[in-house]
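Enquirer: The residues making up each chain are set out below.
Number of protein chains: 2
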Amino acid sequence: MTQDYKRVALIGLGLIASSMAHAMRRADLGTDIVGTARSAETRDIAREIGLCDKVVDTAAEAVKDADLVVLAVPVGAMSGVAAEIGPHLRPGTTVTDVGSVKRAVIDAVAPHLPEGVHFIPGHPLAGTEHSGPRSGFAELFDNRFCLLVPEGTQDPVALEKLQHFWLALGANVETMEPDHHDLVLAVTSHAPHLIAYTMVGVADDLRRVTDSEVIKFSAAGFRDFTRIAASDPTMWRDVFLNNKAATLEILGRFTEELFALQRAIRTEDGDHLHDYFTRTRAIRRGIIEAGQDTDAPDFGRSGSKPSPTTKE
Amino acid sequence: MTQDYKRVALIGLGLIASSMAHAMRRADLGTDIVGTARSAETRDIAREIGLCDKVVDTAAEAVKDADLVVLAVPVGAMSGVAAEIGPHLRPGTTVTDVGSVKRAVIDAVAPHLPEGVHFIPGHPLAGTEHSGPRSGFAELFDNRFCLLVPEGTQDPVALEKLQHFWLALGANVETMEPDHHDLVLAVTSHAPHLIAYTMVGVADDLRRVTDSEVIKFSAAGFRDFTRIAASDPTMWRDVFLNNKAATLEILGRFTEELFALQRAIRTEDGDHLHDYFTRTRAIRRGIIEAGQDTDAPDFGRSGSKPSPTTKE
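Line order of the protein sequences matches chains A and B. According to my numbering, the first sequence is numbered sequentially starting from 1. According to my numbering, the second sequence is numbered sequentially starting from 1.
Looking at chain A on its own, in the form it has when it is part of the complex (with noise of 0.2 Å):
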């Protein structure tokens, strides 16, 4: 068995981070969680809620005889923090992140590691539309994936430590190579965020329908698509502009589709419309069958509303 990692920096203090913090104490792990964040309001709460043992003001202080360093900032802030913690890290440390994408984190974070220094960038594919400091819980990562995408040789201790270290976390672990990873990614999320976000803005912008009438009479489907459109605009500015020929390949896709059943309507050609709806049922089964969400009516949204630090 692999050792534990004495002391984690989490650089960033939002949802995927604090949530983190919460998973390590849930598992017991004795680890010395450092944090910190750009922001001295973000620090402060940090400090109140005492959601690592220690928070200090900078990334290049937080890193100091970390084992684990993780970068859990926006994509667009990856390399200005990976420069500054740089010249700080010693060789062993084991230097991952959380960004949605990974070839632009690779190549903004890579260039200014010193050598010696194990990067290997993640992904755990998990969230909520809620974020700061005050969103994270310890489930959240439970049943879910943490992609890791190792490029080129690797430390085989380094990966395995990792690896353990989410599964502790409550996550399945998988590798991948990162190209291929933004293009899942570009499917399963980041085109349905931007589609989300569109059919939001759409609804929001129309004058002949109130914005009280699309709120009351959100059950009818649209009220999923505002749950995801509400996640943080300044991550997913930076995921849209680091994922940007992956992102657009799927929308162009998308729009396609979208015209032939458009079609479809306008010459009413109901067959066509049957015959599309009926093949997407099976992928939803899929989903259910593999653990990644329930059939429960309503997704249990009328049972009781758990506190989100609560353990269950």
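What the hints contain is simulated information worked out from the structure, not anything from laboratory work. Wrong hints could be hidden among the right ones.
Quick look at which bits of chain A chain B covers, simulated, 3 or more residues with Cβ under 8 Å [to be verified]:
1) 203-209
2) 217-223
3) 246-257
Backbone N, C-alpha and C define an ideal beta-carbon position, used for all residues, glycine too.
Dock chain B against the given chain A, drawing on the hints supplied.
Expert: This is chain B only, laid out in the frame that chain A set:
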């Protein structure tokens, strides 16, 4: 107070009608529930699970002596059912429906109804991706809206009675003009469904990303689309064919906006993206404040899975 209906006829025994049967019993209305469905298999299942007090083989038979007739068949089947039951309705009976479009249903049903029958079209905004007589549960309408779209002069007592009926089933009731209903629903339901169907179809089609990858990594946003895109194909084919103009109008606005965002990605206009994504957050807060969703992380999906027929 108005008197409750003594006998309710449910024509069609899918998700909505079967949920109405469960909700009527939960409310202890003492109503005699007569049901029928076109398919013998559906009728057999309904008999087997004791869904109604009586299941009969034809719609004509079901409406005999009913005070309230509920047309709960796909929109495309409304006209045929109305023609069948018309001659068997007695004056004073209320006929309503649960179809997702209203102008087309009015055009299909009204001509077949004899004078003295109160036709009050309706639409409960509630559903799951499941269908059939086993999919119903008593809580489906709780805190959801049921829109009634009476047109022209209506008997105020008949309208009030139907309002009371839906309130007893757990719904909030509002009235709305039919064409406005069809536009509002094009925004909150019909366009989002077509978009979700499209995105799921695109994901299923891609050669470079396997279905298994899409399924495993769906939690990153795509999952909510698959739930919407698993809804009943026949019902949705009929919705699009019967709310053509409003759906195409909204989809036109949607593609226009999507193209603007795609261009912003292509030209790396981060400010445009950030502004757009910030604006859409507000509408989400409105929905949570209106009680139409919870802000619990992950919708409480990680909690226990209630059985559809379990009372809470």
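Enquirer: With a C-beta cutoff of 8 Å, work out whether three or more residues of the region 203-209 of chain A approach chain B closely enough for the coverage to hold.
Expert: holds (count 6)
Enquirer: When I compare C-beta atoms, does the region 217-223 of chain A have three or more residues closer than 8 Å to chain B?
Expert: Result for this restraint: holds, n = 7.
Enquirer: If you count the residues of the region 246-257 of chain A with a beta-carbon closer than 8 Å to a beta-carbon of chain B, do you get 3 or more?
Expert: holds (count 8)
Violated hints for the displayed structure: none, as all numbered hints are satisfied.
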